[in-house]
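4 protein chains.
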Amino acid sequence: MSTIPVGILGATGMVGQQFIALLADHPWFRVTWLGASQRSEGKPYREAAAWRLQAPPADGVADLTVDAATPGRAPKLVFSGLDSSVAGEIEAAFAQAGHIVVSNSRNYRMDATVPLMIPEINADHLQLLEAQAKAGWKGRIVTNPNCAAVVLAMALAPLRRFGLKTTIVTTLQAISGAGYPGVASWDILGNIIPFIGGGEEEKIETETQKILGCLNAGRIDFHPVTISAQTTRVGVQNGHTVSASVGFDHRPSVEAIVDAWRSFKGRPQELELPSAPADPIVYLSEPNRPQPTLDVDRGRGMTVSVGRLRRCPVLDYKFIALGHNTIRGAAGAAILNAELMHKEGLL
Amino acid sequence: MSTIPVGILGATGMVGQQFIALLADHPWFRVTWLGASQRSEGKPYREAAAWRLQAPPADGVADLTVDAATPGRAPKLVFSGLDSSVAGEIEAAFAQAGHIVVSNSRNYRMDATVPLMIPEINADHLQLLEAQAKAGWKGRIVTNPNCAAVVLAMALAPLRRFGLKTTIVTTLQAISGAGYPGVASWDILGNIIPFIGGGEEEKIETETQKILGCLNAGRIDFHPVTISAQTTRVGVQNGHTVSASVGFDHRPSVEAIVDAWRSFKGRPQELELPSAPADPIVYLSEPNRPQPTLDVDRGRGMTVSVGRLRRCPVLDYKFIALGHNTIRGAAGAAILNAELMHKEGLL
Amino acid sequence: MSTIPVGILGATGMVGQQFIALLADHPWFRVTWLGASQRSEGKPYREAAAWRLQAPPADGVADLTVDAATPGRAPKLVFSGLDSSVAGEIEAAFAQAGHIVVSNSRNYRMDATVPLMIPEINADHLQLLEAQAKAGWKGRIVTNPNCAAVVLAMALAPLRRFGLKTTIVTTLQAISGAGYPGVASWDILGNIIPFIGGGEEEKIETETQKILGCLNAGRIDFHPVTISAQTTRVGVQNGHTVSASVGFDHRPSVEAIVDAWRSFKGRPQELELPSAPADPIVYLSEPNRPQPTLDVDRGRGMTVSVGRLRRCPVLDYKFIALGHNTIRGAAGAAILNAELMHKEGLL
Amino acid sequence: MSTIPVGILGATGMVGQQFIALLADHPWFRVTWLGASQRSEGKPYREAAAWRLQAPPADGVADLTVDAATPGRAPKLVFSGLDSSVAGEIEAAFAQAGHIVVSNSRNYRMDATVPLMIPEINADHLQLLEAQAKAGWKGRIVTNPNCAAVVLAMALAPLRRFGLKTTIVTTLQAISGAGYPGVASWDILGNIIPFIGGGEEEKIETETQKILGCLNAGRIDFHPVTISAQTTRVGVQNGHTVSASVGFDHRPSVEAIVDAWRSFKGRPQELELPSAPADPIVYLSEPNRPQPTLDVDRGRGMTVSVGRLRRCPVLDYKFIALGHNTIRGAAGAAILNAELMHKEGLL
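Sequences listed follow chains A, B, C and D, in order. Oh and the first sequence: position 45 is 45 in our numbering, straight run, nothing missing. Oh and the second sequence: position 344 is 1344 in our numbering, straight run, nothing missing. Oh and the third sequence: position 280 is 2280 in our numbering, straight run, nothing missing. Oh and the fourth sequence: position 172 is 3172 in our numbering, straight run, nothing missing.
Chain A extracted, bound-state conformation (with noise of 0.2 Å):
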């Protein structure tokens, strides 16, 4: 059945190990190729990989011997889960040998002629490929955003219609977000850390934006919406959380935007997409909801919870939000993207 060939770029990482472990048994897309860097190339994948996640990977991925980061070998389709010291000049070097290259990686995602897709809200942003053929590329790059911005950018698209002004979150991360080994257990066992480096709230203030953008002429306007984002790491192993405060131009009643995220669907539902959640978000009207280990694995980590939507007195609204930052924030939408352009017939 899984008649599409793919590689994985990176594949001996955390992201790489998430890719291999959602496309075990995917419909369309077969794992035919791995990438890594020199120290891997050449050994079989379960010897170059200390895999971190629960079910081990299928015999036939880990049977496979790893590769170089390089075009040649690989198949036209490659998911991207390179960190971002190498993304930048390995991607590009994939997209100009002919490769479409789905990456995680945040090196390419605020490039004016580069998708930041979220497939529910902006499927349409794949027009911007025709800005990479003009540009003389042979392949291209689609990006997935930061897996914080995901979680507030789900949250946010339905509530654009209502004038969406401003917004203010703090989050609260997990620790898979920051990859093995990441965050010592030394410094976060019984602790929070109110930073996390590596630019994380300028990108969900900016990725949001170019998210929930419109596509005019070939370009992204980007969203007018203004963020401010605090974000903090928490002793969690998956699953951010993002409390946030909206102002609107007019302020919707609460049944109105209770109503626009329980009746949110986009392409990836119409087209049934093979990991296209039923319901790309849920509201759960408990009152202590949603939570991390209760909720984060909703529609297979694809679904965004939202819950405790109420006055805020400063702006209009406040809630909570939580999605997977491994599945919906990080491999599972890349993989939706690709099943995007595979339907879409841009593979």
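Check the hints yourself; a few may be wrong.
As the list claims (entries may be wrong) - Here are some chain A residues the structure puts well away from chain B; computed CB gaps all over 10 Å:
(1) 5
(2) 30
(3) 53
(4) 60
Stated by the list, open to error - Once the Cα atoms are required to be at most 27 Å apart in a straight line, the calculated BS3-like pairs of lysine-lysine come out as:
(5) 2043(C) / 2165(C)
(6) 343(A) / 76(A)
(7) 3265(D) / 3343(D)
(8) 3165(D) / 2165(C)
(9) 1165(B) / 165(A)
(10) 2265(C) / 2343(C)
By construction, these hints were calculated from the structure, which means they are not laboratory data. Heads up, the beta-carbon is just placed ideally off N, CA and C, and yes, glycines get one too.
Put chains B, C and D on the given structure of chain A with help from the hints.
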């Protein structure tokens, strides 16, 4: 040396235990009386209390026989760590019987004639006690704020001079704030609970306005800052973290704010009260501070740590504040109140 | 498909919830009746139960009205997750009324006429039911072991052939073993509690001997292994880890032991019972396994993982074993018992 | 007062930081020299060290310029917290240059001419230093044990009089034992790792025999107790817990053992060394103690807590012991060694 006898209401509960621990070597106050519920009455304290703190209670206290929570044998000065379900009636009974009740409970905090004290901020609010005298009370009731409101109010107090107008906060609160047994490990291990019961958010929003308010003709004019709070529970033992954005009438400079925090002192520092920290507020310039495990014990738990001050694109500034919820936010706060009253001749 | 109606005693408790979760898609059993304490009687289950598991209960069960924990309307087969403080009387009442009670409670485990089952190990112990018939019981009671005893007994069963003589274990037990609310976060966050109440160590020491025992003329001859247990509680959600040293009459080789574990199968595998894992035991050769977060869900929580087998200088060998305490150690164990009884024609 | 200058090798590492923290107010020793790797050389300590402890280093130390880890400018007495990968060569170089190296590293612990000290147990082992003199060393090397071996050896030392023969232990070790960054949060959050690298189990088994051994004609006769250890890593910040079973030639009474622990004193108590706890061992009679968060700081981290003594059906007795791994098990141990040497006229 410690010649002033004090009693403790709710002595077997967690706040009661913290009173006993903090008063162990107090230069003025000596615990001579313990009041608790019927279940404990008549038992030696060491048997009545399920002690949960690190250092065991001193023998002198552990050997005391627990009395009923009724006036009579109690000394004039009584600290109250009673649960709010019973504090209303019992504290009133003690006040009517002529006791000075220095309470950590929430029941009378918002009463117009009861001071809601953070002595560094509003030592003059003690003048409300005259209203209690006029109302014919024989004794007095003085309260300290909610454990999260303390942290916020301390951070905001030095900012009043800049025309503080709006504040949006998300709190990350320690499990010790819920007492014992409090939060089930099932609920919080590797998790976030985006909700704290008992009206926590309302307390933060309204108590802070009273704390920051001005005494005016025997009444408190609440400070006009509008506050919006979302509270979460995290797997931290001690230390409430507050992520805040603030708006002003006229935006001050970063330097002016940091200077206001660093130079902030109050009556407790002037009077050199035993529990007063040299610095009520420290501003930490490292990018990833304050953190509970590293900073919560500053000033023996009485200092509030602030960090990460920077521009907020929606309001004016954002920052992180941290305070020890069971010391500055509970038992230590009440003891500081009593120390102030002693020095001001009000005991 | 699932044509056998089953009831659940103690349906609102944590074990009751786990029965409901595990039976959600069961091919044979369908939950049609829920019994609980007076507090819940007459309420729809969705209101009566404070549901603490990840996936919410199916509508068909959530809509059931909770009945009293008395025989009458219950179907013949009843799973019991009752607290041991009430299980004795209630389970007896159900058995006397003709029900088949498949219980997770400890009350009848050590009763001479009650099978204490791990079907892979002692499926023949079901013959004890004849003694219940002779005693004039209309119904039957069958039990599964303590959640830590299961893990140990599984690891020891294949070693009986080598003349197993002595076992010293230290357990590191998950907080879910204590139910809800169970262990206070105040007690376990960043901590170890070297004690588990309710006679946990004695249960491990004696139940294991009965489980490993031989049926002999309608009675169980306990296995003569001498067991010494120290139990600790650790901050793990699911998964009891057992650190064991074992002594034999004649010391086998490492290979013989690993082979005994890897080839271990029992009646559930023969009969292909729905809850039977393909491998009741897996032996992991990595030096740092098994680990709760990586291995507890093997075989859908029904496989016990073993690792680190090596010589013990005092006894003969030492190793680590891990099992899922709420699945293999509780609800899943009882369901496997009922599946066995069904296939053996005992329902 | 503190007139003896001391140097610290490996000053920027975690053990080095703990030396600095513990020596901050030492009555005899004053830190005047810091040695570290090339990366730190020439920098002020406050810049060179990524300080991870609660209280910041005193200005006097923070302002010191870090030197190379070579003899020359260092004072005579040098504490070593060097990583074992480099400690062998560097400590030898310092000893040859005439320094007294009081080391926490493992490299020379099992050397026949190097004392492996717990001063309460084997203060006389310092006589091994004569062998170093005979071997022509200008300086000396003295070591303290592995952080888990200390806890076990302390608990066993008073039991030697009863003919201690066998010991089986499982340890539950804190993450601080692995240094910084040490254990990844990904690996330990809500998890147990049943393995500690670097030969931890062998160290516990063999170092304990040397510590408990007798000086005999200038050599240490190892104690004949046979020890079997399984080590696990748990999500605890500080405090190694040891679950032990012990066998004797002649089984003593419970009272005799408890009395042996409670009355245990040694040379540090006789000499009233500054770091010596009044009670090297406390026996706690509560059924659920010792616990890391409640008991680890007893005796300022230098007391080992023991509890739950009861009969073991396989060997003779079982019990739980707990000690602070970075104080009694590392920096505090080395400082106590140096204090003893000073009082014995060996500096």
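Residue 2043(C) and residue 2165(C): Cα distance at most 27 Å? Roughly 52 Å separates the two Cα atoms, so the pair is violated.
10 Å Cβ clearance of residue 5(A) from chain B: holds (37 Å)
Is the nearest CB of chain B more than 10 Å from the CB of residue 53(A)? holds (16 Å)
Is the Cα-Cα distance between residue 343(A) and residue 76(A) 27 Å or less? Judged against 27 Å, a Cα distance of about 16 Å means the pair holds.
Against chain B, does residue 60(A) hold up as non-interface, every C-beta pair farther apart than 10 Å? Given that every Cβ of chain B is farther than 10 Å from that of residue 60(A), nearest at about 32 Å, it holds.
Checking a non-interface call: every C-beta of chain B should be farther than 10 Å from the C-beta of residue 30(A). Is that right? holds (34 Å)
Would you mind confirming whether the straight-line C-alpha gap from residue 1165(B) to residue 165(A) stays at or under 27 Å? holds (20 Å)
Proposed proximity, residue 2343(C) with residue 2265(C) (alpha carbon, max 27 Å): holds (17 Å)
With a cut-off of 27 Å on the C-alpha distance, tell me whether residue 3265(D) and residue 3343(D) pass. Within the cut-off at roughly 17 Å; holds.
With a cut-off of 27 Å on the C-alpha distance, tell me whether residue 3165(D) and residue 2165(C) pass. Holds. Residue 3165(D) to residue 2165(C) sits at ~20 Å (cutoff 27 Å).
Of the numbered hints stated above, the single one contradicted by the structure is hint 5.
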